[in-house]
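S.K.: These are the residues of each chain, in order.
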Amino acid sequence: MPATEPILESKNVTIRFGGLTAVSNFDLTVNPRELVGLIGPNGAGKTTIFNMLTGVYKPTEGDIRVGAVSTRDFKPYQITALGLARTFQNIRLFKELTVLENVKAGGHIHYKYSGTSAVLHTNRFHTAEEQAEEDALRLLDLFDLRSRAQYTARNLPYGDQRRLEIARALAARPRLLLLDEPAAGLNTGETAALMTKIREIRDRFGVAILLIEHNMELVMGICERIIVLNYGKTIAQGTPDQIQTNPVVVEAYLGEPVEAAQL
Amino acid sequence: MEDFLQNLLNGIAAGSIYALIALGYTMVYGVLKLINFAHGDIFMIGSFVGFYAGRYMARHATGEAASLGSAALVLLLAMLVCGIVGYLNERIAYRPLRNAPRIASLITAIGVSFLLEYGGQMVFGPDPKFFPTLVEKKIIHLGTITTTNYQFIVLAVAIVFMGLLQYIIYGTKFGRALRAVSFNFETASLMGIPTDRIISMTFVLGSMLAAVAGILYGLSYPKIDPLMGIMPGLKAFVAAVLGGIGNVPGAVVGGLLIGIIESFVGGSQFSSYRDGIAFVILIVILLFRPSGLFGRYEPEKV
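Those protein sequence lines, which keep their order, are chains A and B.
Quick note, the first sequence lines up with residues 1 to 263 if you use the numbering used here.
Quick note, the second sequence lines up with residues 1 to 302 if you use the numbering used here.
Next comes chain A alone, as it looks inside the complex (with noise of 0.2 Å):
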């Protein structure tokens, strides 16, 4: 496949729950390599299209397609081995594994061994576990939690359980990453770094990336092309500059202009 076919596209994506339409013809693509915002207020369907991405929701109608698949009747990990991987909003770690087995669980696809090998403790088992180890070590490195490779998850303070989402995500060896609210809960510093390893992470794996964000400062800060929503439809799509001096933009999120209000 040439590098200049996108990596995702959606189109006229829409999904209702009940007589609610949460996300109403949702058109995007996304190109290799890319960094994208997906904004919007509180409500407008920003998790939920992630949830349609990743298969957590089939959408009511539209098509989903990764790489040039379709992903309709995938469900969540076939979904993850076409190369799309995700964090959540609200921490979701195997808080019971370490640190390291989380990471390793995440590539879990990408070391290949049978039970047989395992119980007999064959080469191929070694070899596969020693390769999972050493990759799950090196993302940790990247996020400096190396040091904390056997804590049990639950026990990390929160800003570490935010990057560990990042890592574990980054082992399924995704081409494109979701990143749902990664600043959440973060100070200022922490986004700030936050800010450069996305770029970093961009830079080195190569993925494209697709990022939910309340943090108006890192997403037009890092977003090359910012897609906002509101009330399930996309309301405006453009560069960081463009989509700050919309007033279609400034409307959603600050409500409509005084004068027009009274007027």
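Don't read these hints as lab results, they were simulated from the structure.
One or more of the hints may lead you astray.
[As the list claims (entries may be wrong)] As a list, the in silico EDC-like pairs of lysine to aspartate or glutamate whose alpha-carbon atoms are at most 16 Å apart:
1. A:K58 / B:E186
2. A:K11 / A:D27
3. B:K33 / B:D127
4. A:K75 / B:D127
5. A:K58 / A:E34
6. B:K33 / B:D196
7. A:K233 / A:D27
8. B:K129 / B:D3
9. A:K95 / B:E186
10. A:K112 / A:D135
11. A:K75 / B:D196
12. A:K197 / A:D241
Please read these numbers as outputs of a predicted model, since none were measured by experiment.
Given chain A, work out where chain B should sit, using these hints.
M.R.: Below, chain B alone, put in the same frame as chain A:
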């Protein structure tokens, strides 16, 4: 004192069989939050495979070395058959209900249990059968206690398989995935873990342990029949709840405790309550510590 030691020994032997069955309950509960009531009947099938295979072997093998070898072969065969039955059970009966309300799978489990019990009566015949002597029985006197080599075989085999399970759960990627799925099914799937395959494998593994238990049970209590799985199944379920359902070491401790308590009750003046005591324990546990001895209290997530 010798009564005490005697009861303890009997209890540990019986308890390790319960523990093997309880492991299957607890692992399946871990990944699916389902009490697989058919599990006791898979244990029964293990015994019956042992019965037929053992009888066949007895005709074709003689000598002590041959008998140990054929006993191992019988064990492997029972594990294989039960593994397949467990796989099919999940694939046919539970997987189509994955997104149905949990009560639907629970009722299905009871249905599968009846199917295996009465299907077993049809296939094997309803009358009890005498489990073949896979290994020659030897009486052992230890000071004042009397025991047989069977109790040691039971204990040794159980320990080997529990050790193997421990290793699989904590040392392999399947185990990692199993624990991840147990912790959060949806997140595991989103992280690329093939949840369906992990669940299948969990059933296979649990059923294999039930097969081991079935063989050991047949050795120790040689009268087997198609309804034999009900009682040990229920008691092993109690053992799993006692240890904290979903908790692997808990199932082992729970199984041993149930076995030992039962043995002591059986050796006391209340011996007629022997089969009832497990359920008294169940009630007490559910009243005072529903999460079991090793379970962690997890508030329902909203």
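S.K.: The structure should be examined with respect to each hint, and the outcome stated for every one.
M.R.: For each hint, the structure was consulted:
For a cut-off of 16 Å, the pair hint linking K58 (chain A) to E186 (chain B) stands: about 14 Å separates their Cα positions. Annotation: proposed proximity of K11 (chain A) to D27 (chain A) holds, straight-line Cα distance about 5 Å (limit 16 Å). Proximity of K33 (chain B) to D127 (chain B) is assessed by CA-CA distance (about 35 Å); at most 16 Å being required, the pair is judged violated. Under the criterion of a C-alpha separation no larger than 16 Å, the hint pairing K75 (chain A) with D127 (chain B) is inconsistent with the structure, at around 47 Å.
At roughly 25 Å between alpha-carbon atoms, K58 (chain A) and E34 (chain A) are farther apart than 16 Å, so this suggested pair is violated. About 14 Å separates the Cα atoms of K33 (chain B) and D196 (chain B), which keeps this hinted pair within 16 Å; it holds. Restraint check for K233 (chain A) and D27 (chain A): the C-alpha separation of about 10 Å stays at or below 16 Å, so the hint holds. With a C-alpha separation of about 31 Å, the suggested pairing of K129 (chain B) with D3 (chain B) is violated against the 16 Å cut-off.
Proposed proximity of K95 (chain A) and E186 (chain B) is supported: the alpha carbons are some 14 Å apart, at most 16 Å. The straight-line distance between the Cα atoms of K112 (chain A) and D135 (chain A) is roughly 14 Å, inside the 16 Å bound, and the hint therefore holds. Restraint check for K75 (chain A) and D196 (chain B): the C-alpha separation of about 10 Å stays at or below 16 Å, so the hint holds. Distance restraint check for K197 (chain A) and D241 (chain A): the Cα-Cα separation of roughly 22 Å exceeds the 16 Å cut-off, and the hinted pair is therefore not satisfied.
In summary, the numbered hints that this structure violates are 3, 4, 5, 8 and 12.
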